[in-house]
Every structure is written in structure tokens, then in C-alpha cells.
Amino acid sequence: MSVKEFDVLIVGGGLSGLRAGLELSKKWKVALVSKVVPIRSHSGAAQGGINAALGNHPEGKEDTPEKHAFDTIKGSDYLADQDVVMFMTKEAPKIVVEFESMGAPFSRFENGKIAQRPFGGAGSPRTCYAADRTGHALLHTLYEQCIRQGVDFYDEFFLIDLISVYNTVTGALTLDLTTGELVTFRTPYVILATGGFGRIFTASTNAIICTGDGVGAAFRVGVPMQDCEFIQFHPTCLYGSGILMSEGARGEGGLLFNNKKERFMLKIAPEAKELAPRDIIARAITTEINEGRGFEDAYVHLDLTHLGAERIKERLPGIRDIAIDFAGVDSIEKPIPVHAGHHYSMGGIGTKFDGDYCETSLDGLWAVGENAAVSVHGANRLGGNSLLETAVFGRYIGRKMLERGLPSRPSLDKIIAAEKATLDNIEGLFKRWESNSGKKAVEIREAMGETLSRNVFVFRKESELQQAVNDMKNFQKDFENVSLTNISSPAARKFNYGLVRTLELRNMIDIAEVTAFASLWRKESRGAHYRTDYPTRKDEDYLVHSMVIRNNSGDLEMHTKPVKLGIFEPKPREY
Amino acid sequence: MVEKQKFLVYRKNPGETPRYERYTVPLKPGMSVLEALFYIQDHLDSSFAFRYACRGAICGSCGITIDKFPQLACRTQVTAVKSTKKPLKLPELTFGEVPNDWNQETEILIEPLPNMEPIKDLVVEMEPFWKFYEEVKPYFVREYIDVQPESLQSFEDARSIEHLVYCILCGICWTCPVNATNSNYLGPTALAKAYRFMADTRVDDSHRSVIAGRVSKEDGVPACEKHFVCNRVCPKGVKPGTAIQNTRKEYLTP
Ligand SMILES: Cc1cc2nc3c(=O)[nH]c(=O)nc-3n(C[C@H](O)[C@H](O)[C@H](O)COP(=O)(O)OP(=O)(O)OC[C@H]3O[C@@H](n4cnc5c(N)ncnc54)[C@H](O)[C@@H]3O)c2cc1C
Ligand code: SF4
Ligand code: FES
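Residue numbers (numbering that gives the first Met the number 0), protein chains in the order written: chain S, 0 to 574; chain X, 0 to 253.
To be clear, the hints were calculated from the coordinates, so they are not data collected in a lab.
Keep in mind the model is a prediction, meaning the values are calculated, not measured.
Among the hints, a few may not be true.
[What the hints assert, rightly or not] To be clear about the criterion: a stretch of chain S counts as covered by chain X if any three or more of its residues have a C-beta under 8 Å from a C-beta of chain X, and this derived list gives those stretches:
1. 94–105
2. 130–137
3. 252–258
4. 280–293
5. 425–437
6. 479–492
A virtual CB, placed ideally from N, CA and C, is assigned to each residue, including glycine.
Please model the complete structure; the sequences and the hints are all you need to start from.
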């Protein structure tokens, strides 16, 4: 058995993992493992921008972190933890300026300052951008700085399971795809930064690698999944491939039309119109389509043509390329066909009520970025806040850990015994998969995605959610029996992506089950979670975070965690 | 009836000689070549290896050679492969012995990226690629600051490097004939990346000359033979060849 020892293991090379790695590797021995080369991470796909009250925009000179916090908390339908939000919005201008000093190629205003654009749900134009490829710009910049600093990367290593002794994390078991070997990392701190899990749905803007591996691994060692019922459906996904058409397109003036040439947002949100928050627009578009006012019963039009070629080429070049390459539509000449689809998961790895931000209930285990529920997004995330979250809390974790120092650990023999048990378990699992004669992973994955996309979508109701919960139990049974050939020798596991995708499904199926379960439990409508049978918010009963664990008999169990309030009084959320 | 597409696919186990296998994939509307590869992996052979991540032409993982033309698998529509015009003057690319009976009209030929060592199926060794990338020191060396104001850059200056910034490091420009013969050549990607930093007005002069010094060596800009294949195959309009030419003009002529 190969064992590598470090002070910290970071799993994930997206913005959150890299930012934590940059901070920690100044002082400590850090290993950063990622299933793809870090610059391939999904952060690179972010388009629209990153929020910070810089006050650079002529219409946003009076902007402040407090206003940014208010917009975020209102957007979250008051489920975000207010102290954490306030911390994030105060850090925001610092983080953006820091990115710039690292070399991030932001777009500029005529006066040379970082450009900002309006974004949905924001009272001021505060979204800083690099054309419509902001994530790419930031991800490459941060990777460059990590290379400069000599961060120790383990690329194409796949996290399989966490290793723990009693209530303390002691490392993780990984699969080195380049050799096919199983490799153990032994570290007193583990940071999970594995990104989102949109692939549990059939139609998602997320990369194929967004499978929630960190969430699954943490859940298996007893860390709750928090707020998984809250899924952001992006209103404008490209018809066909589901690729995102950034909110920046509406920020720049793009308009939505149904097949009657009506701008339907005018009646739904007379003030904010096309820049109302995402959940509201996603429901509006879905309603238009469901009621027969869509095109081909499948999409509405996102029209940019009136912006003119010049502006589209300057501000939205990426969007234009994508629509040409993946739908054959040049947005300079024709409207883009769009519909709602899964975009962002507000929920994820549960964090502690009384710990430092990002700390989980398993000692030594921290979570950051999209895989964590910190919770700055509550029931609905505002666009431009999640890139911000990654860097703010990546840096925060680094600083906090250095300040705290390395924790004490369980005795070495206990650690070794736990490592062996984890390894034996996985080798046993691989043997079982080889000898099973059940379904292939693809069948289970597709059925799971369809069930969720049908029953746990933009509009939800009891009977459908119950159906999803029942289906998930069957998929779990199918997965027990999943069959996969030739995976027990390292040679056979080398670059074996069939194995990787089955391991990913192992995580996704748990997340999907919890998502359906928590959605059924929450009998109210809040943010992105919209119940047609319970159309109003019920603060008396549900102003709490959902925390789901699997109990000893294998059933899901709902717990709750209070929301940290105290700065802004919960009010109805109107736009 | 579902339409089907035949593929002739390069397969290789580590350490073994390559072979070509035939697969038939049922088509879906708008199906990309990447989706077709997944169909093969999901339904026909789970060990079939290829890299992927974003499926949206932004992560740079999925560069492969399709009908002798290196492209991103995710951005290429299956039904468009046979009708799309290839760039002019592509070098001849050989990976293994393509079966004589390859029907060029109907079968899509799938092979790895050129000029990188194939490891397993379409997965190639990218160590040298990343090594050369790091060698040009593609980063800022300023101190970090986190208090406003940010350092300024004019709208035009920021705009002028945008196309260089958006390189996705896919390695497709390694189709360059120089890469085929000179394994020390830094390659179009690293040289374009170097120019992205040299051309950024915010980079300080001393670091600019460090980069310039490195790319001026024999295995850098001087090794370029001006084929401009890189400009023609790049899926992102980075124009590495033009960046190399500019470097030559601005930094190499005495
Ligand atoms: C299309 C799109 C556009 C977006 N646009 C915006 C925007 O404009 N503004 C904004 O604020 N937000 C945006 N978002 C959201 C934002 O991009 C993400 O929330 C954020 O980038 C997530 O960063 P991360 O570091 O948490 O995860 P990621 O960038 O997803 O990184 C996850 C990392 O974990 C690694 N990993 C995962 N599983 C494993 C495993 N098992 N073993 C080893 N490594 C593993 C991966 O290799 C990867 O390196 C967008 C999202 C999408 C989908
Ligand atoms: S320059 Fe173009 S072809 Fe070369 S690595 Fe970058 S994006 Fe790919
Ligand atoms: S999968 Fe990311 S570029 Fe093709």
C-alpha cells in the first residue's frame, strides 16, 4: 500500500482548492489532488463575473459591502447565514483587487478601472468581469500563481473515500489514474473543494465532471448533507446541449420573448424585468413553455440582436461562439433558443453551527466552494457570488488553519488500521462490481437523471417528490448490483474512466436520494425550492437548514440547524 | 429508425501496439463526437479511455484527431464531420496502421492528438507540454495587494491581449510539423502564453526580459519554421503563430 504524508490534503483544483493551496503552501507541506489538471476544472466555465462593491460603475458609486450583503440575503430568501454573508461581502473588494494584482485580465472601463456590469438580484452594478469568460481568466491566473509558488499537485488522482478514526479525519484514499494504483494520503487536515454536482440531473450547465465526489465521501463518514433541496435552475440554458448562456447576456440588455413576441418578464417582475433573480425567471420561462407559448414546446427566445454586432463581439464573444458551435445560431442575427436547466447547487457538505466558517462536524475536515453549504447562498444564490465564495473562503481556510496550527492526531496504529479498513473495503467493492451481473452504470445514471429532472424540477409537488424518493431507493438497489468488468489490477485501472464514472455514480446516487428526500420534507416555497402545493414561505416552521444523515439502519434521517440571523429582518422577497 | 454512425477508433493498451476497432453509435440530434465516445464507453467497452471535463469547449481536455484533423471532440458535431472543410495544408498525421478498408465516405476515424506519446487509447502523455508551459514562467511576479485602488490598465491594452488570454491549453496547436521532429521545441502553446505575458502592459520589465530571454533560446522562437499550422487548427482563435512572429519582431531582432 502506497502512503503519502502531508500536513494538509486539498481535494480539488478549482478556484476554491487553488486559493486554499496558495495560502497554505507558503508554510506547510500541502498536497493538492485533482481528478483533472486544475485548469480543466469547472470554475473555468464561469462566464458572467464576480461580485464586489468596488464602486467603479458610474451607477454604482455609492455601493457598499452592506448593500451587497443585503441583496445576497434577500436573494437567499433569508436562509443564508448572515454573519458569513457579511464576512464575504466585506472581503469581496479585497479579493477582486488581489486577483488583479495576481494578473487576472479583467475587462476595463475607459478610465482603466475594473469594469462592472449589472446582474440579477443586485441593487447596484457590481459584477466584475473578464468579457464573458471570467472563470477562465481567474482560474488560469490562480493556477499560474500556484505554479509560481511551487504548489505540489497530484493531477489525475481521484478521491474515493475519506479515512477517519472516531470523529477525526486522518486522510483519504485515492486512485492514481496515471498508474491505476490506489494511493493513501495521510494528513491531519483535509479540505474538500470538489465542486458542484449538477450531473445528478439530465440537463445541467455543469461539466461532466461535476459529480459531487466530496459530498458523497463526506456523507459516507457521517457528515450531513445540508440544504440539498435548494437547486438553482438557470433560466437560460442553450436548447440542445444545456450549455449556459450567461446572465451577462441579460445584464448587457438581452430580452426574453415567447412565441407571441411578448416580453413576458414585464408582467412577472415589472421592476427588475429580465434581471429578476434566477428562480423567478426560470419559473416564468418554464410556465411560458408549459402553457404553450414556447417554441417547439421546448424553449423561448433570448434576443440580443438589438445590441448590435459591435457590443456583442466586445462583451459577449464567448456566448456568441457557443451558440454558433452548439446550436448553429449567430446571436448577432437571430435570437438564441433557451430553457431552464440545473445550474448550481446551493446545498452540499454540512458545516458546523458553532465552528469556524467551512468547518464540518468531522474534526480536521473542512469544505469550501460549491461542494460546501457555508451558507452564503441560502435558498437561492445570486449570480457572481459563487466565484467570490471560492476565493474568499479558500483564502480564509488557509489563514485560519495556519493560525490554529496542526491538530493533534489519533495514535498511528489506529490511523493505519483505518487506512487498511478503507482500502480493503474498496478492493472488496471492486471485486463485487466485477462479479455482479446487474445493470451497467449508464442505465442507472440515466434513469436517476430522468427521475430528478421530471419530479424534482422548477415546480414541485408532494406526489411527484414521493415518486422520486421511491425511485431513488430502487436505484440504490440497482447500484448495489452494478456490474463493471476488468478493474481489479492496477494495469486495468490505468486511465479507466469507466471505473471513474462508476465511482462518481456512487456519490451522485446518494446526493440524488438526499435531494429528493429533503425536497419532500420542506413543505413550503423558499428561493429556488418552489412547491405548487405549499406556495408560500413558512418562517415559523422552516427558517432552518436541512441536515440529512444516513442512520445505522441505512435510512435517511432529517435534522435541522438554525439559521444565523440578526442583521437583516426576514421580509417577503419581492422584486 | 434511429440513424447510426460508424466509427473507426484507435485503441491502445499501455506498452502494446495500437489497433483500430469499429463501433456503431446510434445518433441523437445535435450529438457531438464527445457524446459518441461516451456512448462507446458506456455501452460497448467501459475501458475505452479519453479525456473530457466541460463538454463546452472551454476546459481544453478533449483534443483528439477526427478524420486526420485535430479538434475538440465536444465542439465537433458528428453529422458535420464529413461535410466540414478542413484547414488548408494540414501536415500528414500517422498514429498506427489504419485498416485499408477504412471507408472514408462513411466511417469517422478517431485518433489521439499528434506529436504526443499515446498512453492508453486517446489519452496522450502531456508531461512535456506542461513542462514547457512552466518553463516560460507564465505568471505575474508582483506582490499581492488587496486594498483598493487596483492597478489600472487601459481599455485598449486589456482588449489587445484578450485573444491570447483565452488559450485553453488544449495542445491542438502541437500539430505543428516542428513538434513532430524536434522534441525540445517549446511549442506554439508555451510561446503564445509567453507572449500573452510579454504583451501585458502590467508586467514589469524585468520579468518581461526573463520571459523574452527564455523564448529567444534555440528551442524557442528561433525553432519556429513559420508553417502557421497552429493558427489554422487552434479552436479558440489564439493565433500562436502570430504571437511567435510578434515576439520575433519585438524581442529577437537586434
Ligand atoms: C456554466 C457556469 C457558469 C457559471 N458562471 C458563474 C459566474 O459568472 N459567476 C459566479 O460567481 N459563479 C458562476 N458559476 C458557478 C461557479 O463557477 C462555481 O460555483 C465555482 O467555480 C465552483 O468552484 P469550486 O472550486 O468549488 O469547484 P470546481 O471549479 O468545480 O472544481 C472542483 C475541483 O475538484 C476536483 N475534483 C472533483 N471531484 C474529485 C475527486 N473525486 N477527486 C479528485 N478531485 C476531484 C476537480 O478536478 C476540480 O479540480 C458558474 C457555473 C457554471 C456551471
Ligand atoms: S493556442 Fe489554441 S490550439 Fe494551442 S493550446 Fe491554446 S487554445 Fe489550444
Ligand atoms: S470537454 Fe472541455 S474542451 Fe471539450
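Self-check item: Outcome, coverage hint (the region 425–437 of chain S, chain X; C-beta under 8 Å; three residues)
Solution: violated (count 0)
Quiz item: Are at least 3 residues of the region 479–492 of chain S within less than 8 Å of chain X when you compare beta carbons?
Solution: holds (count 5)
Quiz prompt | Proximity test - 8 Å, beta-carbon atoms, the region 280–293 of chain S to chain X, at least three hits | solution = violated (count 0)
Exercise. Count residues of the region 252–258 of chain S with a Cβ under 8 Å from any Cβ of chain X, then say if the count reaches three.
Key: violated (count 0)
Practice problem: Establish whether the coverage given for the region 94–105 of chain S by chain X is satisfied; the threshold is a Cβ-Cβ distance below 8 Å, and no fewer than three residues must meet it. | Solution: Since three or more residues must qualify, the claim that chain X covers the region 94–105 of chain S holds, with 10 doing so at under 8 Å.
Exercise. Examine the region 130–137 of chain S: at least three residues should have C-beta closer than 8 Å to a C-beta of chain X.
Key: holds (count 4)
Violated hints, listed in ascending order, are 3, 4 and 5; each of the other numbered hints is respected by the structure.
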